[in-house]
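Enquirer: Start from the sequences, fold in the hints, and give me the full structure.
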Amino acid sequence: MNGIENRKFGKAGVLLIVGIALGAVFLTGCIGQKDTTTISIKGSSTVLPVAETCAEEFNKLHDDIKVTVAGGGSSLGIKSVATGSANIGSASREVKQSEIDQYGNIFVDHKIALDGVAVIVSKAIHDAGVTDITLDQLKGIYDGSISNWQTLGGPDEEIFVNEREEGSGTRDTFMDIVDLDETAADKANSANSQVKQAVGGSNKAIGYVGLGYVSDQTPALKINGVEPSAATIKDESYPISRSLHMYTKGEATGAVKEFLDFVMGSEGQALVEEEGFISIL
Amino acid sequence: MLLSRTLKEELIKYLFFCVAAVSIFIIFFIFFFLFQEALPAFQEMGWGIFSTKWNASNGPYGIGAAIFGTLIVTLGAMLIAIPLGILGAIFLSELAPHRLRIILKPIIELLAGVPSIVYGFIGIVLIVRYLQPSFDMLSGYSFLAGSLILGVMALPIIISMSDDAMKAVPRSYKEASLALGATKWETIKKVTIPSSISGISAAVVLGIGRAIGETMAVSLVLGNVMKIPLPPWDMFETTGTTLTSLIVNDMGEATGLHVNALFAGAVILFVIVAIMSISSNILQERVEKKFRGG
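Chains A and B, in that order, are what the protein sequence lines are.
Under this note's numbering, think of the first position of the first sequence as 1, with each following residue one higher.
Under this note's numbering, think of the first position of the second sequence as 1, with each following residue one higher.
Please keep in mind that the hints were generated in silico from the structure rather than gathered at the bench.
Treat the numbers as computed from the prediction; the structure is a model and nothing was measured.
It is possible that some hints are incorrect.
To be verified - In silico DSSO-like cross-links for lysine-lysine, where the CA-CA straight-line distance does not exceed 27 Å:
| hint | chain 1 | residue 1 | chain 2 | residue 2 |
| --- | --- | --- | --- | --- |
| 1 | B | K189 | B | K290 |
| 2 | B | K53 | A | K139 |
| 3 | A | K66 | A | K111 |
| 4 | B | K174 | B | K289 |
| 5 | B | K190 | B | K174 |
| 6 | B | K53 | A | K96 |
| 7 | B | K227 | A | K139 |
| 8 | A | K111 | A | K96 |
| 9 | A | K249 | A | K96 |
Stated by the list, open to error - Only some residues are given here: those of chain A computed to face chain B with a beta carbon under 10 Å:
| hint | residue |
| --- | --- |
| 10 | K66 |
| 11 | T68 |
| 12 | G71 |
| 13 | L76 |
| 14 | I159 |
| 15 | G167 |
| 16 | E182 |
| 17 | D186 |
| 18 | S190 |
| 19 | G201 |
| 20 | N203 |
Every residue gets a Cβ at the ideal spot worked out from N, C-alpha and C, and that includes glycine.
Expert: Shown next as structure tokens:
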């Protein structure tokens, strides 16, 4: 029995020593980096992939600065930068007046990319000849006053109206530009991919998504005759577009400024395009 | 080693006690946190929390529509799962030949192990697409789709537990009935089912509990709009959401009182599921008592 217990202790002892050694290495590693400045970004889930790839590249180039990224939504991003729990708040919409009232006029806007909100319909509807829509007609569909595709020259089918959940930046942009407060939508979706799934799986649906989600099964409508594309969004002829923002509290300085310059510079903008958004350059 | 046997014995006892206590603490903390986070919503809204007036960005936060959705989806699921489940259990425990039984039972139990997201995925690509043309619906996303999926998800629990309950009925009961000249069906109807009714009820209640708390699969096949369909019993309407679906869809973008309202929804869900779970336990204990004596 004694032998067995001793052997067990031996094993535990080895583990303990290895553990201490690892811990020591880890600790010295941390102490060695005490000069590191940490920048935290919080906010929009739309901006998240861009922020992440930019942070990754930026961290590779800078030993002394570490950028961390978290999601949570545009509202959280703005709140976080205002309360100081993040250095940069990302948002897929402008700061609202109510937020300025609440936190004061402290936000400095950095536009880092452009994105269009495309209005997609089921393939059957597009094939039936509904390829163009006006903002007024869109408003009618989403407030419930237009409920049949016939009104738009399509087939005699009820319109299956898809929207995004409240709080979504895509929704905010859409609602703002189409001028809606409330909708009579049939289905609320919590992601672009869900809208695409619902519209693509139906023969009478309409929805709105980020430009990258337009596909053959979910073709985009022209709005007032303008096709959504990088070019039409850049020259502002396509009406439902938005900028992606990074907000700072007061002017950006030091490491934060360095990071924002990187994002808005040619390297960062290349990453923006890689993620499916439109460069501001 | 140097420790006396009794001391060692004591130490081990306390160690195990601590480990057991951890899970109780965790439950307690969840309970406490849930209520603490929900409190502002209850204070602000009062009984209005049960109303159907909902505006996610500015309030009011009445979650009545979601509570209604939860109830109607669960009701629909039970209409599917209870008859199928109990009949399935009768077949499995009383009628199936032994060879079939040993194949069927594990397969049915395997159904319970399928991750809910898989059910949701099947729901989206099959059920939703099939429902719309079949019933000429606006879209297949509906309470009906949610009920169908939940019904299937509740089946393995109901079948398996009801089967256990019927198997627990002493052989002598059934043999006595058969010896008196009753047919197999009469025996099932008049002896087996009445004797195991509390066990079957426990299975049903637990099945309902599972269905109410299910999130992922349901949220994928509902319309998720915070409104009660018109008319309310219209299972084919796209509009409508459940408590679980509301929470999972809104949590990411919610701030302020909106978050508290979601927690209030969680509290209501928690209370319903706890009641279900406890009553299922009580029912099951009753079965055990009954047969221990007889």
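Enquirer: Evaluate each hint against the coordinates.
Expert: Against the structure, the hints come out as follows:
Of the pairs offered as hints, the one joining B:K189 and B:K290 holds, with about 19 Å between alpha carbons and a cut-off of 27 Å not exceeded. Annotation: proposed proximity of B:K53 to A:K139 holds, straight-line Cα distance about 23 Å (limit 27 Å). Taking the CA atoms of A:K66 and A:K111, the gap is near 22 Å; set against the 27 Å cutoff, the hint holds. Taking the CA atoms of B:K174 and B:K289, the gap is near 19 Å; set against the 27 Å cutoff, the hint holds.
Only pairs whose Cα atoms come within 27 Å are accepted, and B:K190 paired with B:K174 is accepted, the gap being roughly 10 Å. Straight-line distance between C-alpha atoms of B:K53 and A:K96 comes to about 24 Å, which keeps the hinted pair within the 27 Å bound. A threshold of 27 Å between alpha carbons decides the hint, and for B:K227 with A:K139 the separation of about 20 Å falls inside it, so the pair holds. Between A:K111 and A:K96 the alpha-carbon distance is near 16 Å, which keeps this suggested pair within the 27 Å criterion.
For the hint pairing A:K249 with A:K96, the CA-to-CA distance comes to about 15 Å; that is within 27 Å, so the pair holds. Hint status for A:K66: violated, given a least beta-carbon distance of 25 Å to chain B, over 10 Å. Taking 10 Å as the C-beta cut-off, the interface hint given for A:T68 is violated, the closest approach to chain B being about 19 Å. With its C-beta approaching chain B no nearer than about 8 Å, A:G71 sits inside the 10 Å limit, and its interface hint holds.
This hint holds: A:L76 has a C-beta 6 Å from the nearest C-beta of chain B, less than the 10 Å allowed. Annotation: interface hint on A:I159 holds; nearest CB of chain B at approximately 8 Å, less than 10 Å. With a cut of 10 Å, the hint placing A:G167 at the interface with chain B holds, because the nearest CB-to-CB distance is about 3 Å. Given hint, A:E182 at the interface with chain B, holds; its Cβ is 8 Å from that chain's nearest Cβ, closer than 10 Å.
With a cut of 10 Å, the hint placing A:D186 at the interface with chain B holds, because the nearest CB-to-CB distance is about 4 Å. At its closest, the beta carbon of A:S190 sits 4 Å from a beta carbon of chain B; the interface hint therefore holds under the 10 Å criterion. A hinted interface residue such as A:G201 counts as satisfied when its beta carbon comes closer than 10 Å to some beta carbon of chain B; here the least separation is about 5 Å, so the hint holds. Interface restraint check for A:N203: the shortest CB-CB distance to chain B comes to about 8 Å, inside 10 Å, so the restraint holds.
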